[in-house]
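Chains as they are written, first to last, in my numbering: chain A, 986 to 1296; chain B, 34 to 468.
I should point out that these hints are in silico values taken from the structure, not numbers from a laboratory.
All residues carry an ideal CB built from backbone N, CA and C; glycine is no exception.
Warning: the hint list may mix true and false statements.
[To be verified] No farther apart than 30 Å at their CA atoms in a straight line, the calculated lysine-lysine pairs in the DSS-like style are these:
1. B/Lys376 <-> A/Lys1108
2. B/Lys165 <-> A/Lys1107
3. B/Lys446 <-> A/Lys1107
4. B/Lys145 <-> A/Lys1187
5. A/Lys1187 <-> B/Lys318
6. A/Lys1107 <-> B/Lys75
7. A/Lys1107 <-> B/Lys219
8. B/Lys145 <-> A/Lys1108
9. B/Lys235 <-> B/Lys165
10. B/Lys172 <-> A/Lys1108
11. A/Lys999 <-> B/Lys165
12. A/Lys1187 <-> B/Lys219
13. A/Lys999 <-> B/Lys434
14. A/Lys1199 <-> B/Lys235
[Claimed, not checked] Listed next, the stretches of chain A that the computed footprint assigns to chain B, with coverage defined by at least 3 CB atoms under 8 Å from CB atoms of chain B:
15. 1075-1084
16. 1183-1192
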Amino acid sequence: MRMEWKHRHVLDLKDWTREEILLLLDQAKNMDDLMDRPIKKVPALRGKLVVNLFFEASTRTRVSFELAEKMLSADVVNWSASGSSVGKGETLRDTAWTLEAMGADAVVIRHGSVGSAHYLAKKLHRASVFNGGDGAYSHPTQALLDAYTAWKHFKNLEGRKISIIGDILHSRVARSDIRVFRELGCEIVLSGPETLMPLDVKALGVSYEPDPRKAVSGSDIVYLLRIQRERQEEGLFPSLDEYYLRFGADLDLVMHAKQEALVMHPGPINRRVEIDSSVADGAQSRILQQVRSGVAVRMALLYLCLGGVMA
Amino acid sequence: MILFKNGKIFDGQAFHEGLQDVLVTEGRVDRIGPGIEADGAKRIDLGGKTLSPGFIDLHCHMRDPGFEWREDIRTAAAAAARGGFTTAVSMPNTDPAIDNDALIRYVIEKGKAAGFARVLPAGSVSKGREGKELAEMGKMAEAGCVLFTDDGAPIGSPRLFRTALLYSRDLGVRIMEHPEESSLSKGGHVNEGRCSSLSGLKGMPSSSEEIGVFKAISLCRETGVPVHVTHLSTGRSVHLVREAKKEGVPVTCDVTPHHLCLSEECVIDSGFDSRYKVNPPLRSKRDLEALWEALSDGTVDAIATDHAPWHLDEKDLPFPEAPFGIPSLECAFAAVYTEWLGKGQPFGMERLMALFTKGPASILPKGWSDLGMLAPGSLADLVVIDTDIEDVVSVSSWRSKARISAWEGKSLKGWPVMVFVEGKPVYSQQGEKTK
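Next up, chain B with everything else stripped away, as it sits in the complex (with noise of 0.2 Å):
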């Protein structure tokens, strides 16, 4: 049993009024209120902090099985939990990909032994990740897969898209798009625009990404099967999906952490730190305002990391030699709450933390429901957010093995110091430094 005493209460949705206690009896939510007592549950005054459901990661490569010098699910359920996240969906492109029903399970079974974060797998659509025939989408729903997608690329062929909404209807688990048209963004390294005129770089355009956002919303529409489409980057993307979801097609999106607070100015300033490649590239400042906006109206269902750590020696190379990918895990939150901060708060609180828990939880096979929200009977998954604290991003420290990050040294405010899994807790900031 465990007693918050005094906790700012973000159920995710809104906030309760004042500060309430939460009493948290065998890994689930007992009761919520002012004054609760409980005899024998371990206290712990929050003293106004705020006490919200653990985060919800839809987008997260954890490089295992295959990678494991870059990131397992061990390290990555551990960063996660640092993060404020309790759950965190890992990415199947991986070697072998994750394509199968028993590497569903072994993904599921390697989570559940690190212990930290709860890690759900995405599977693969179609086989080897090869965007030829369709995986096993059945067998992977049954052991107990929550998204399929062949993130890093594209489904293969519009027609395998289509097919693979048909076949999946009926399974309940979502499919992902990575929206990319690669015959226009092939060998590019950076957006098409500003950066690739000034740095030389060979430029990745924004049409590239809308024709894949396209594609998925006109498929989504003609069979009805609800698609998910992830790392929107540019302010035509997300205005896309603004009018689908106006027509009613069932088609939902997530935005990164970077793209909300990086821009490709970060390349050009840098003078090319590799740091800051990435795929979907680090677009103008105008498409991170449209980003913003479509926050602000509802557009965007979900805030993903789209966390993708590498080895040191990988990483460490000339732009265009390096890798795309920016680990995030650790100080998601805190970044965009800087962020947010910094533009004046644009909406409520409450919309921001809602990217976080209910919105990623909405996106989630019915069996997870109960994730994503605070309320008497849920899941005692919960975060302890201190919005006052300020502290500088040292990737060192962290416990992901990604040791190259574009929020080194920066300043961010707002960070988790406690996480709970089912009432068992995952982090808490004190332990940390005392490690």
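Here chain A stands alone, though its shape is the one from the complex (with noise of 0.2 Å):
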């Protein structure tokens, strides 16, 4: 019934079929039940060297794949862009192959720049490449571990319809949703102000619904994104006020969707600007639950690509 695992890297799951990512889910369940042991380590990536490549800031994601990473056993290292060679002016070409040199057999990489994992992978010429995100392109392992949150709860993705409302034009998180969720069957409609959306939602193969009330009726999730301030500051809304009163995820705004839906956010979180706290902290709320698959889904994409042995 095991299937051949044949991909070396996770850049963007273009290329990943369906059945593909529920093997990926399938593993994931046995690593977030590894995380009840009492002893949560295993000796699957005993001798592997993975290195932790940041570029831009990063708590959650850094960690996430840290504590998985050690739970395998793998040895770690973590390599962040200022203090290092990076910050005396080495170029990403040079990182790669000194990283080589040094024996790494797995990179994950955090960049500004889109394509950047691309970029790494085609450089090296045996380690994985694993991103962790890349400018507003792609964040797989966040959409991998945002359907293993649906999953477990849902057990079918199949017809479910995810609303996802904020800064689309700048998200990865929500180019990498849109793909995974796609791909497992789900219909996805985006919502925000339309300053904040690609020009084309239709090669995204989505739709969009300015209202957001209209956008989350009879969704099974609603997705919220952060909103950068930034974004403010460059003009593309007036006021983080205004925001919030036309897009906030408030309870009314809840109640517009499918009675049992959830609610995720793939962190940090801006209490009344996106998300107000009776949404944040309601029954509905599955954020905390987002934070606990992300480490039993790097797991079991580590296990997966790196070849791992379970004892």
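Got two chains here, separate frames each, mind docking them using the hints?
Below is the structure:
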């Protein structure tokens, strides 16, 4: 029943099939169960060297990857951009070759440039690349942890409706979630100010509804995105207060979705900008479950792509 | 003396019937006809291959002076020759900018010393290419400048553009505009549309270019001074030129090989490979079709390369960090010819060839009116094309200093095999192979 795992890298999930995603979710379930054990560590990646290469500030993604790597017994090196050779002007090409010379088996990269994970993968001859977020393009592990969170609750995601509200234009989370949830058979509606939408939403295979109440109507999942303060400073919407009034998720908005709908957010949340505390801390919120899913999903990915052995 | 035997002769506008001979003496075409014999002439049997006026590139970044690690006049002229170009116009966005007569002479002299394709300089419209004050256009025209342009950017303001047109009316040197409304495109990397939406890369909307084209046409109409708009990439841009030409506005335009052959899908499919990063960006498939339509109906006057070489280390970066530019001098004709074949030859071969010869020649000052043609008395700038040869582009073998190009690894058909400038050989495919 088990298929051959063919992916060495996790870049943008563009060529992942539904079966592969489901297999990954299955594997994540095993890892999730492992997290309940008194000793949360297995020797699956013992002797493997994983480098976490973070060019952008990140707390939860970096910590989540590090936890996942440690629970699988990999050797972990954290290589941050500040105070390293990167700060001295080293190019990504040279950094890549340096890491490989040191014997890295896997590199987790978070970088502000779209395509940086693809670039790194082209330069590395042996190591696996895990995209921890590249510019506004892709954040595949976030999308898989979101899918896992939803799948754990609903079992089958086919035909589910998801509304994503916020800054889609600058969001790698939105692009990756659209990719994964569509592959799993979901229908997706975007909402938010049109100044924060991509020009061609049809190319993404989704629809756009400016009124968030209409957008969430009939939704199984209401997915909220973080609003970056600098977008307001760029003049893409007039004020955070007006954003909250028009697009912020309060109990009234969530009432327009299905009764049992889940509320998700990639974090960190801005209370009373895109989400009210009554929603963030309410019964439908899955925000903290998403964090836990992140560790399990990243363990599963590392395990499958690095060909680990379960004891 | 050179005697070409049995060639399929293209004269800049049309093909001659059957196979003909061409006799070249003292750097000029002497006679064309069947069965020519000449004692003491070097005989070259073309065996049915095409003999055409050498190609003319109106838009070439030679990076000299100031950026010689990317390209210099010698390597650009050598690369041009290999691509079948016997004349290439160098762009003035150098360091310092080519904005005075001494620098115009520098380019001409360095081009002559190189001894490959003829290098003709474009001078900047504004001093230092800063978009504020007029450069000494009169002195530059006198020294041999063939185009004025602030290329790399549009002319600083509509007012400066208008002033430059009025001031240069009697100089006989055309202004070439790079159409772009920077407030819309600033910070962008790719076409605004499918590519920007899928990738999250900041887009450069079509409107940015189209507003620039509209501005150029408007000023051209009002002043009656000819304007050339370069590297048009959208369907709307060429349509604006089409309508203006119908009205009799003296506007001309060119398109590049990459905008004719590559679309934004290349950026997406390659996982954002910087070899496809160029300004204006590779556009939609629909735009690409509209450009071919504009070649077909005569809206487009010339194909110009916008050859833009970079050092490997500068270009081999993640997409958003890499600079704009696709080098193509050495494969431009084959790229367009292959695409034309692939499209089922949507118009006659003579139109395609004219876009590399007669078309661009007509944009140059009157003193160069015998370029782009093959007739008794014309300069013997000639290219022999073998339309049967198919070859894979290998940038590492280029005469250009560029080492990254969108064409790397592409299999293309229709290659120049011999090139002559004023009767002097500047490229031979066989010579190249033994090198």
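Structure-based check of each hint:
The straight-line distance between the Cα atoms of B/Lys376 and A/Lys1108 is roughly 35 Å, outside the 30 Å bound, and the hint therefore fails. As the CA atoms of B/Lys165 and A/Lys1107 are separated by approximately 44 Å, the hinted pair breaks the 30 Å bound. Taking the CA atoms of B/Lys446 and A/Lys1107, the gap is about 29 Å. The hint holds against a cut of 30 Å. Distance check on the hinted pair: B/Lys145 and A/Lys1187 sit about 54 Å apart at the alpha-carbon level, beyond 30 Å; violated.
In summary, the hint linking A/Lys1187 to B/Lys318 is supported, as the alpha carbons are separated by about 16 Å, within the 30 Å threshold. Taking the CA atoms of A/Lys1107 and B/Lys75, the gap is about 51 Å. The hint is violated against a cut of 30 Å. This hinted pair checks out: A/Lys1107 and B/Lys219 have alpha carbons roughly 29 Å apart, not beyond 30 Å. With a CA separation close to 41 Å, the supplied pair B/Lys145 and A/Lys1108 exceeds the 30 Å bound.
For a cut-off of 30 Å, the pair hint linking B/Lys235 to B/Lys165 stands: about 29 Å separates their Cα positions. Annotation: proposed proximity of B/Lys172 to A/Lys1108 is violated, straight-line Cα distance about 50 Å (limit 30 Å). For the proposed pair A/Lys999 and B/Lys165, the alpha carbon gap of about 48 Å is over 30 Å, so the pair is violated. Annotation: proposed proximity of A/Lys1187 to B/Lys219 holds, straight-line Cα distance about 25 Å (limit 30 Å).
Distance check on the hinted pair: A/Lys999 and B/Lys434 sit about 35 Å apart at the alpha-carbon level, beyond 30 Å; violated. Note on A/Lys1199 and B/Lys235: the hinted pairing holds, with a Cα-Cα distance of about 29 Å set against a maximum of 30 Å. Check on the segment 1075-1084 of chain A: 3 of its residues sit with their Cβ under 8 Å from a Cβ of chain B, so the three-residue criterion for coverage holds. Judged by the Cβ-Cβ criterion of 8 Å, the segment 1183-1192 of chain A is covered by chain B as claimed, because 6 of its residues qualify and three suffice.
In this structure, the earlier hints numbered 1, 2, 4, 6, 8, 10, 11 and 13 are contradicted, and the remaining ones agree with it.
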